[in-house]
Every structure is written in C-alpha cells, then in structure tokens.
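Participant: Each chain, written out:
Number of protein chains: 2
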Amino acid sequence: MSETANIRKNYNEFIEYVKELSDISRANEFLEWDMETYMPKGAAESKGFVQSTISGIAHEKFTSERMKKYLESFPTENDGSFTPEEWTNIRETRREYEKSVKIPIDLVKEISKTRSLATSDWHKAKNEGNFKLFSPWLEKWVDIEEREAEYLGYENEPYDALLDNFEPYTLTKDIEGVLRNLKNELKPMIKAVINSDMKIRTDFLYSPYKADKQMFMVKKIAEKMGFDFTRGRIDMSEHPFTTGYVFDTRFTVKIRENNLPFSIFAGMHEAGHALYQQGLNEKWDRTPMGEPVSMGIHESQSRLWENIVGRSREFWEYFYPSLRETFPKQLKNVDIDEFHSAINRSEPSLIRVEADELTYNMHIILRFEMERALLNHEIEAKEAEEVWNEKMQEYMGISPDNASKGILQDIHWAQGYFGYFPTYSLGNLYSSQLYNAASKDIDDLKGSIGIGDLGVLRTWLKDNIHSKGKMFSAGELCENVTGEKLKASYFVNYLQEKYGKIYGI
Amino acid sequence: MSETANIRKNYNEFIEYVKELSDISRANEFLEWDMETYMPKGAAESKGFVQSTISGIAHEKFTSERMKKYLESFPTENDGSFTPEEWTNIRETRREYEKSVKIPIDLVKEISKTRSLATSDWHKAKNEGNFKLFSPWLEKWVDIEEREAEYLGYENEPYDALLDNFEPYTLTKDIEGVLRNLKNELKPMIKAVINSDMKIRTDFLYSPYKADKQMFMVKKIAEKMGFDFTRGRIDMSEHPFTTGYVFDTRFTVKIRENNLPFSIFAGMHEAGHALYQQGLNEKWDRTPMGEPVSMGIHESQSRLWENIVGRSREFWEYFYPSLRETFPKQLKNVDIDEFHSAINRSEPSLIRVEADELTYNMHIILRFEMERALLNHEIEAKEAEEVWNEKMQEYMGISPDNASKGILQDIHWAQGYFGYFPTYSLGNLYSSQLYNAASKDIDDLKGSIGIGDLGVLRTWLKDNIHSKGKMFSAGELCENVTGEKLKASYFVNYLQEKYGKIYGI
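In the order they appear, the protein sequences are chains A and B.
Just so you know, the first sequence maps onto residues 56 to 560 in our numbering.
Just so you know, the second sequence maps onto residues 56 to 560 in our numbering.
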C-alpha cells in the first residue's frame, strides 16, 4: 500500500473509532436527560450503575492502546495530508487524549470521591449557613486543583490549566484584562442605577400565569427562533438544561406559575443553546468537527437570544401582542414600554442566578478573582467568606448576612469546577461582540426582529459560528467573525445604551 | 489462596462482569423505549448508530476470552460450591454464551441482512396482497433457520432449537400434544358459538371515548393492580409494549378514541407484563436470577390480567361503576351484564391481533403447524399461502380473499422469528393453569377481585413466579406451582365455563 493510501486507511479507521466513542457518550447523555425529565424516582441508583458502566467503557476505549497508535501515526502538524476538517478531528481528539492520560487514575478517583463528600457537606453547610463546615473542602479542592494543574501543565499560572478544561486555548491573561475593564465600567453604571429615581413597576410579571399557556408561549417563541421540532423536543425539569446533537437536541424549561419572565427567558436561553446544537454541521456529526467549540461560545448563543434579542424593545414589538392575547387579564393595563422596562429592571442582589443583565457579571468577576487568588495562595480557604462579603460590598454595595446567600450559594466549588464560572461572563461578552458583527452584516437586523423574522439572525449564527464546529478556538472564531479580539466595550456599550434609555442615566 | 476462596473470588468477578453486561443492554433497551415514545423523528438514523455501537460492545464483551475463562473455571454441575441462585446465574449465562458462540459471525450477518431486506419486501408484498413477492424470502428463512438449528443442535427436530431461543428448555414434543388437544377442544366450541343465536350488543364500546379519560382509567386500573409508579411509568406509543427491570418498568398504551376495550385491555395486558418486571427479585437485579424465565411465562402474566381477570364479571363488579362515572353518556343504558358480554363477544376473524380469547389460539396453532412443517420440509414455502387458507377454512370456517389479511399479516416471518408464535399460546395455557393454582391457595379469590382487592393475587404471583427469576425453567416452574405439567384442560375448562354462560352453549 502506498504511504498516502496508508494514511487514508488509518484516518478512516481512526474516525470510525471516534464516531463509536461519540455514540457511547450519547448513550450516557441521553440517560442524564431521562434522569432529569421522565425517570421514576426509584430508578436512580440502578441508572447510576448503567452510567458508571458506560463511562468506564468510554474512558477505557478513549485511553486505549488503539487510540494511542492512531494518534501516534499522525504528524504533529498538518503536512497537507488532511483537509482542515480532518485535521480538526485529529487535533481535538489528540488534545482530549493527552489531557486524559496526564491525570493519574488515583487523582481521578480522589476527585470523584471528594466531589461526592464535599457536595453532601455543602448541602448541609448551605442549609445551616455555616461556612466553617465547608471551608475544609474548599481547602481540599484548592489542593486537588493545584495538583491537577501541575499534571496538566500550564503556560503562566495554575489557573490556565483549569480554565482550559472549560474554555480550550484560552489563557487567564487573555480574560483577566477584559474582565478588569468590564468591572471598572460596570461599577459606575450600577451606582447610577441605584441612585436613579426611576420607578419601574414589575408586579404584573408575578401575578399567576397558567403553566400550559406559558409553555405555549415558550414553544411559539422557540419555533420562531428556528428550533426544529423534527430534530428536537422541549420538556419540563427542575433545572432548565439543553442536551443532544444536531439530529436530536432537547431542552427543558421549568414553569413557575407566579413568575412569567422565568419561563420565557430561561426558555429563550435554552433555545439559544439548542439552536447551536441544531446548527452544527451534520456532515461531521459524531466527530469534533460537529461539536461546539467551547462553553463560552455556547453561553454566548444562549445569552444573545435571552438578553440581546429577548429583552429588546423590537423583539416585543412582534411578540407582545400575542403575549397579551395569551394573558389578556394579567397584561390588560400594561403597555409595551412598561413591559420592556419591567423585564429589564436592575437592582444589585445577592444571588447570582437571579441577577439581572447589568449586575450579573459582577457575581462572576468576584468568583473568578477568588478562584485565581485561592490557586495563587493570595488568600486562604478559611478566609474566603470574609473576602467574599468584602467584595460584594465593594462591587454591589450589599453583602449577605448569611453564607447560604453568599459564598455557599453555588454548587460549583463543592464539585470542584474551578475555571467554569468565567465562561458565563465570556458568554456575555462574546454575545455582544458577535451581535454587533451580525448587525453590520445584516441589513436592518432590528427591523427584521421587529417583524418577527428571526430566521435571518439564526442563519447568520449558523453560518458563522454553529457550522464551524471545533475548527477554530473560541478566540480565533471571535477574531474571524468580528475582526477583533474579545473586548469588553461592545457589551459595555450595549448596557449603556439600554440602561441609559430605561433609567435615563 | 485456598480453593474455596479462589472459587469465591472467581464467582464475584464473574458476577460483576455479568452486571456490567446487563447495564450495557439496559442502555440499549432504554434507547428503544425512547424511539417508540419521545424521540423526534429526525433522530432515527443517528440513534441507530448508537444502538449498533452499544450492541457491538455488548456482543464483544459477552463472547470475550474473559467470559470464556470464567465459565470454564466453573464445574459442569453445581458441586455444592454455589447457592442455587448463584448456580442459576452460572447456568443461564453459560447457556446464552454457548448459544452465542455456536453461530458463526457470517450467519449472524446473513440473518441481519436478510431481516432488513425481507422486511422491506414484506411491507411491499403486504400492501399489494402479493404473496409471490414474499415467498422467496420465506424460502430463504427456512434455509437460514435450518442452518441455525444445525449450529445450535437439537434433541429431536430442528424446530426444537428455534423454540428454545424463545422458550428455553421447552421441546417441540412438549407442546405439540398440548396444542393438538387444545385445537380439538376449540373446534366444536368455535362452531357452537357461530351457531348460537345469542345476539350480543357491542356498539357502545365503539362510540367516542375521550383519550385523557381513557388514560385515566388505564392508570387507575394499573394502580389497583399494584403497578408502582415510583418504579415505573406509563406513556403512549404506536404499538403498546413493556420494557425495563425491577427498578424501572415502563409500559405504553395506544388510545383509540372510538375503541374503549382496545386501551383498557392492551393497558391491562402490558400492566400484567409490567407487574412481572416489578415483581422480580431486586436483590438479584442485573443478573439472570433477577430476570424473567421465558416469553411463555411472561405472556401468561399479561394474559392472566388482561383476560382471566380483566374480562371477568367480578372484576367489573368493582370497576364498572367508576368506568360508568367516567363515561356517563356512553354507558348510560348499558348494564354490567351487557358490558361483560360485549367485552367477551367471540367471532372467527382473519386477523390474529384482533382475535378474541376463544379463537385467538387457532391463529397460533396454524402458525406453529406451518413453521414446523416448513422446517421439516413437509410443505414448501411457495405453497404456504394455499396451506394457510385451507387451515383457516378448516379451523375457523373463513379464509382470506387477500394475502395481506392472511399469510402476510404478521411481520414475524419477515424478520425470521421462527419459534416465537407458540409462546403466545403457551402464555394462555400457563395463565389458566397458574390462575387455577392461585384460586386454590387464595381464599375466595373471586370475592377479593369483586371488591377491587387485586393485591392478594399480585402478591401470590410475585411470590410464586416473579421473584423466582430464572431459577427454574418454565416447565419446572409450572410443575412446582401447579403440581402438574402444562396441559390444555385448565384453559379449555375456563373457556367452556365463560362462553357456556355468555352464549348459553
């Protein structure tokens, strides 16, 4: 066999193997979907066995001698033997493989055990509002994450290795300056909103809204956004989430009868994630080329639809009449401007997941700064509650009287997900920068949205982002599409314009 | 290590491996459940890839060197090293393993390919009512099944090997006499019903019944039967089916708005299957000791609840008032006796799945006789339509004017499931013999059913059948529980008593 033929044969066998690995992961992702939606409670333990068996097989096959041989047979750089798409599959599989084999099995087990024990104590500590009960686990996680970072290797500081687990190819220094700029811009805006004497009425958002009618609106909006029900579905679960791939994307919503914006915006958020999955390149399904690029870019899609589109005046120009028709009593005396102001009301608050668009990123910046400082031993785990409360006071002018509304509010640190939080802010920043680029490419985008033509934006996102799979890193994709590196100013301008109008500041 | 310790260690490793294999199968069974219930249509092909990958892994692991070594390390008979439950796990795993490795991979592939092509042509042939289009496939299947039987080995005739795939440890000669007796008894009864001048009104069963109210009744009855919703659920699908295991049993129903008995009795049928799954011994979950014994015994559970209980006068003494309350208009002028007669009306008909209790087994006996005659070369595939029509005429006094209502009605022969049909009749026969034993053990069983206390029967079935797993073969289980080998007379007596009353014959 000629060398070329041999390379081809090798690649073909490799990619078949990659596809099988993808199938195995899908079996497990699907079990998770069921666990959150339809599984009877009594089945939880037995499903855990299935998941654990399937994960074990996936890990064994991924780190096998067979995979090693395939990867060793490929060059370190694309020497022209592979198309860019094929090379993406090799590069990304190699990246994951190398990360997997760097972590010793003992550390994997320690992580898994710590996750289980720490989460259990976190629940207790949160219930009691007792940080002391949890702080030894935070210390433990700092120790584990440091060791993990050492095994993985990093460019400048240990945090690089952890961030890379969630936002590949992105360094701490790439985002540190951007988030600092964002913080400096947000501070005065938040203060201005606090000091504004604008009174925004929101009571009508919290009167009773029937669940089936809320679901009807969620589905109607998702359909208009371009969600394809022949390749996906919407269900209910305790916590909204999105899962799946191009041919089967499922998202969930939770309906609260006395909270209309919760279902509408969580629905649009998940639908934004879902459109990313449905926009992936089906030709490359079951390979990295058919997978999303990063958590940050994924979050940019959800936030773009939820916030930039979903909380815009123009979006409701089209949808408010049908919302009002669906809920004639509740919205009888509410005009579109009152509604638009209400869904954009801003107020510093303690709980991240309930924060508005303006204050949300302060919650993330606080966590990012603390994670990094913990890893760099600038602060110790046991003083973390104090640091938390001081930062809250500084950034938002409020601080919790109880750790359960402060440092203990999120599960992430109990599960050891250091490096995850920044992807939320990256999502916000990317969303504005990408939307800005879309506005330049698309004639009168606002006008299209105002007449309910969301397809034009969806197509742009599909062409420029979704269909690219993992071809480029998040940073490269941003530069390719927007002509610039990620920066804070697009998001800041967007907030200034919106809140300037609403609050007259 | 002592020999005993070594045996223990080996068994423990073996059983862990068996449990992992069970987990893998569950992942796939669950995918199938989703495909029939909630999967968006566009996902079908991609789910096929997942299923095929998971099946491949299951097969590879089951027929591995590792499994071979475990099985070779165990004695051929239980020498006292193992409890009866442990020995069941060894015996049944060995049985499956030996069957798996006997069939060459080429034949496995040929079967799979033939199944796909023959099924496709069967659809076409059925649509056209053209048996000639399908008869070459029937011939092909006879050839394949003969070869399969040769590989598997058999006691007296090739059909033994095929029957054993669905009803383990049961020989053709064990059922041949029983089914012949049944046929001889059924013939005059069917004739008597045809000649009876009893007019039974059934029109009210087919007036419109709202879907959600039908579902309400199905759930109410299932709950009373003892179906545990914390370990199971009920959904809708095109064809009703049951799947799962002791901790997660799911069944489906199909609702036809103009056919009340369809949902009620298909619901009770599937709930009967489901109670078997939920009654399995949870201590032995993920091993053969926690699995059902055979198709025939499984079917006995569904038929017992659907027919013996569900079509009895006493059952409706309790449920008819609430059925009437649910559908006051439709059942306004129908008293319980009219209702009971209507749901038991008998009439020879061409389509097996629509047949009543009295005539149903004639459909099976016909198929059993033909399968066996084809395998023994007493008839040829190309004359099968003629033989079919003659037998229909002889057994039921009617014959189809079109193959789509005759020999082409069922998909089973297109898929090569020879040996499957008899398990339906075994189910009917076992159901009566088992119910008769329950009636002796339980004081006033009919009285209990009449006041809606179905738990006493459910407990008896669980204790005597469900919880036994695969400890005994179907035949042994029958003898243990009823004191006798399977025979036709219990079922015949049951039919004679019921139809004697209703038709006055």
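Derived from the structure by calculation, the hints contain no laboratory data.
Please note that the accuracy of each hint is not assured.
The list cannot tell twin chains apart, which means a pair is met if one copy fits it or any two copies do.
As the list claims (entries may be wrong) - Heads up, simulated DSS-like pairs for lysine-lysine below, C-alpha to C-alpha not over 25 Å straight-line:
id, residue 1, residue 2
1, Lys74, Lys116
2, Lys517, Lys96
3, Lys517, Lys102
4, Lys238, Lys228
5, Lys102, Lys74
6, Lys238, Lys116
Participant: Would you pick out the hints that fail for this structure and give their numbers low to high?
Facilitator: 6
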